[in-house]
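**Q** Here's the letter readout for the chains.
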Amino acid sequence: MEAPQIDSARIAEVARGALSRGDIERRERVFTVSDLGVSYNGKPALEDVSLDVFRNTVTAFIGPSGCGKSTFIRCFNRMNDLIPGADIDGTVLYHGADLYGRSVDPVEIRRRIGMVFQKPNPFPKSIYDNIAFGPRVLGMKGDLDERVEGALRQAALWDEVKDRLKDGALGLSGGQQQRLCIARALAVEPDVILMDEPASALDPISTTRIEDLMHELKREYTIVIVTHNMQQAARVADMTAFFSVVVDEDGSARRGVLVEYDTTTKIFTTPSDKRTEDYVTGRFG
Amino acid sequence: MSVVAVSETPRRSRALKNRLFVAAMLFSMLVAFGTLAVLLVDTIVTGWPAIEWKLFSDPPSTVPEEAGGRPAILATLYLGIVVLLLSVPIGVLTAIYLEEYANRERWWNRLIEVNIQNLAAVPSIVYGILGLAFIVRGIGIGRVVFAGALILTLVVLPTVVVASREAIRAVPDSIRQGAFALGATKWQVVWRQVLPASIPGIATGSILALSRAVGETAPLIMVGAVVYVPFDPTLFGAYTALPVQIYNWTKLPDPLFQTLAAAGAIVLLAIVLSMNAVAIFLRNRYRKQW
Numbered sequence: 004m005e006a007p008q009i010d011s012a013r014i015a016e017v018a019r020g021a022l023s024r025g026d027i028e029r030r031e032r033v034f035t036v037s038d039l040g041v042s043y044n045g046k047p048a049l050e051d052v053s054l055d056v057f058r059n060t061v062t063a064f065i066g067p068s069g070c071g072k073s074t075f076i077r078c079f080n081r082m083n084d085l086i087p088g089a090d091i092d093g094t095v096l097y098h099g100a101d102l103y104g105r106s107v108d109p110v111e112i113r114r115r116i117g118m119v120f121q122k123p124n125p126f127p128k129s130i131y132d133n134i135a136f137g138p139r140v141l142g143m144k145g146d147l148d149e150r151v152e153g154a155l156r157q158a159a160l161w162d163e164v165k166d167r168l169k170d171g172a173l174g175l176s177g178g179q180q181q182r183l184c185i186a187r188a189l190a191v192e193p194d195v196i197l198m199d200e201p202a203s204a205l206d207p208i209s210t211t212r213i214e215d216l217m218h219e220l221k222r223e224y225t226i227v228i229v230t231h232n233m234q235q236a237a238r239v240a241d242m243t244a245f246f247s248v249v250v251d252e253d254g255s256a257r258r259g260v261l262v263e264y265d266t267t268t269k270i271f272t273t274p275s276d277k278r279t280e281d282y283v284t285g286r287f288g
Numbered sequence: 003m004s005v006v007a008v009s010e011t012p013r014r015s016r017a018l019k020n021r022l023f024v025a026a027m028l029f030s031m032l033v034a035f036g037t038l039a040v041l042l043v044d045t046i047v048t049g050w051p052a053i054e055w056k057l058f059s060d061p062p063s064t065v066p067e068e069a070g071g072r073p074a075i076l077a078t079l080y081l082g083i084v085v086l087l088l089s090v091p092i093g094v095l096t097a098i099y100l101e102e103y104a105n106r107e108r109w110w111n112r113l114i115e116v117n118i119q120n121l122a123a124v125p126s127i128v129y130g131i132l133g134l135a136f137i138v139r140g141i142g143i144g145r146v147v148f149a150g151a152l153i154l155t156l157v158v159l160p161t162v163v164v165a166s167r168e169a170i171r172a173v174p175d176s177i178r179q180g181a182f183a184l185g186a187t188k189w190q191v192v193w194r195q196v197l198p199a200s201i202p203g204i205a206t207g208s209i210l211a212l213s214r215a216v217g218e219t220a221p222l223i224m225v226g227a228v229v230y231v232p233f234d235p236t237l238f239g240a241y242t243a244l245p246v247q248i249y250n251w252t253k254l255p256d257p258l259f260q261t262l263a264a265a266g267a268i269v270l271l272a273i274v275l276s277m278n279a280v281a282i283f284l285r286n287r288y289r290k291q292w
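Same order as they appear, the protein sequences are chains R and Y. Each step along the first sequence adds one to the number in my numbering, with nothing skipped, and position 21 is 24. Each step along the second sequence adds one to the number in my numbering, with nothing skipped, and position 95 is 97.
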């Protein structure tokens, strides 16, 4: 049996533009997660996660299906609150304040922490109204037209749609719809953008555009992304967390755990855990 | 060889079964459509001579040559409008509560759900008796258009609620999540995303329910749509409705009244079928692809 090979092309890919560990850890901590667990109707889905998310970085969560990475990302904007039976313990600090504190309004949290979903979900309205929805419901001041244009430009969609802002958003291609959803999230001027497998339903060209966009956006925003695609994590992320599934001895319950969290370079070149190494070298998952 | 020999008979019998089944389906369809066609043609042939301006302009009379259906037609339109104005807001709000707010774990919400389903199955004459006891006599507003409209509202309300719930349920959850993720409140999500997206379905269901209300006779006889009303109805005045007027004409001995009854039926059919056409148009025009 061959020793696991770490492919040198991947190392080159990872190394390009990646931030060093010291560089990252000097940044402000946007989220500090300690001993976080999530359960649905009493069944644990994710246990014991502790990690920090740093400002103006892209942080990727990777791992096999069912490892709880999507569950985890939904803790950051309290989307799990909308699921009956979901229960969260442990703490998530957002700029030092408890995200699940008593006085915290989840609506206010979601205004500051935007989210892009796996399947593009534009509203069945015009392109313009899709972007304007957020600013309108939040009662944001200022010129709405400018805000819409700004958001579409940031999401690299303006040139493609500027002549048909009044057309229905459902007429756009899948890749355009997803960039529209990113623009929609940007229009409310968030601090963080969460992306739950944003490119998994898209073709390779659209995927590349979304990835380029992430590189652009991290200058102004903090980005957290869940992805199935390891190459994608390697291409876009500064920090990568690898999650895995633990099955109880009797095989009855499966739950996600955080195996390793480090710089993307480290995770993809010299991981310290055997399970991470097996996963990134393609032996598992 | 033997394979071919064995399969020969079953194949013929299977083909025969296939043809028999198609024939049975065609026959069933013919029963439904044939009946409808015969009814339509017979009504139109019988009633056509009486379709003249007099029918829409004159009040009923004991002399068939002078009799018209103006008060009944007007009252039916009034009933339709009041039922629409009452049943749609109440029905839609109930549907929104049940779909978006109600916690199914709570027994009272399940009770409401079961109740609404049961109400949809209650015969309309029962609503008529209820209306007579509680609205006409109980509140004491008497045998007036508004009382009739209240009863018909009760009759169609469960249908409106069920149709609206289905329309609301058809809005994908990803739309709600997308709106929540932008910092919208529950009210904003429901009011600005879910409701606009479900309006075509709600409109279709409401119009179909309304066309049922317009054709109802039994509860209206119960709450006193008086048969002979020689003047234009008012909201709080005595009235007769088109189906009741038709029913009355058929009971009169002079064959000319039979013609009038058929003409009245044509008018009622025209109202109901055009409402259904609007419903179908709305459904096709605003059909959404998610």
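Fair warning: there could be bad hints in the mix.
[What the hints assert, rightly or not] DSS-like cross-link-like pairs, simulated, lysine-lysine; straight-line CA separation at most 25 angstroms: (1) R:K221 <-> R:K277; (2) R:K144 <-> R:K169; (3) Y:K188 <-> R:K122; (4) R:K122 <-> R:K165; (5) R:K128 <-> Y:K253; (6) R:K169 <-> R:K221; (7) R:K144 <-> Y:K188; (8) R:K144 <-> R:K122; (9) Y:K56 <-> Y:K188.
Treat the hints as calculated values from the structure; they're not laboratory data.
**Q** Determine for every hint whether it applies to the structure shown.
**A** A quick look at each hint next to the structure:
Taking the CA atoms of K221 (chain R) and K277 (chain R), the gap is near 31 angstroms; set against the 25 angstroms cutoff, the hint is violated. With a C-alpha separation of about 22 angstroms, the suggested pairing of K144 (chain R) with K169 (chain R) holds against the 25 angstroms cut-off. Restraint check: the Cα-Cα separation between K188 (chain Y) and K122 (chain R) comes to about 22 angstroms, which is no more than 25 angstroms; the hinted pair holds. The hinted pair formed by K122 (chain R) and K165 (chain R) meets the criterion: a straight-line CA distance of about 24 angstroms does not exceed 25 angstroms.
The suggested pairing of K128 (chain R) with K253 (chain Y) is violated, with an alpha-carbon distance near 55 angstroms, which exceeds 25 angstroms. Between K169 (chain R) and K221 (chain R), the direct Cα distance comes to roughly 30 angstroms. Violation of the 25 angstroms bound is thereby established for this hinted pair. With a C-alpha separation of about 22 angstroms, the suggested pair K144 (chain R) and K188 (chain Y) falls inside the 25 angstroms cut-off, and the hint holds. Between the alpha carbons of K144 (chain R) and K122 (chain R) the distance comes to roughly 30 angstroms, so the proposed pair goes past 25 angstroms and is violated.
Of the pairs offered as hints, the one joining K56 (chain Y) and K188 (chain Y) is violated, with about 55 angstroms between alpha carbons and a cut-off of 25 angstroms exceeded.
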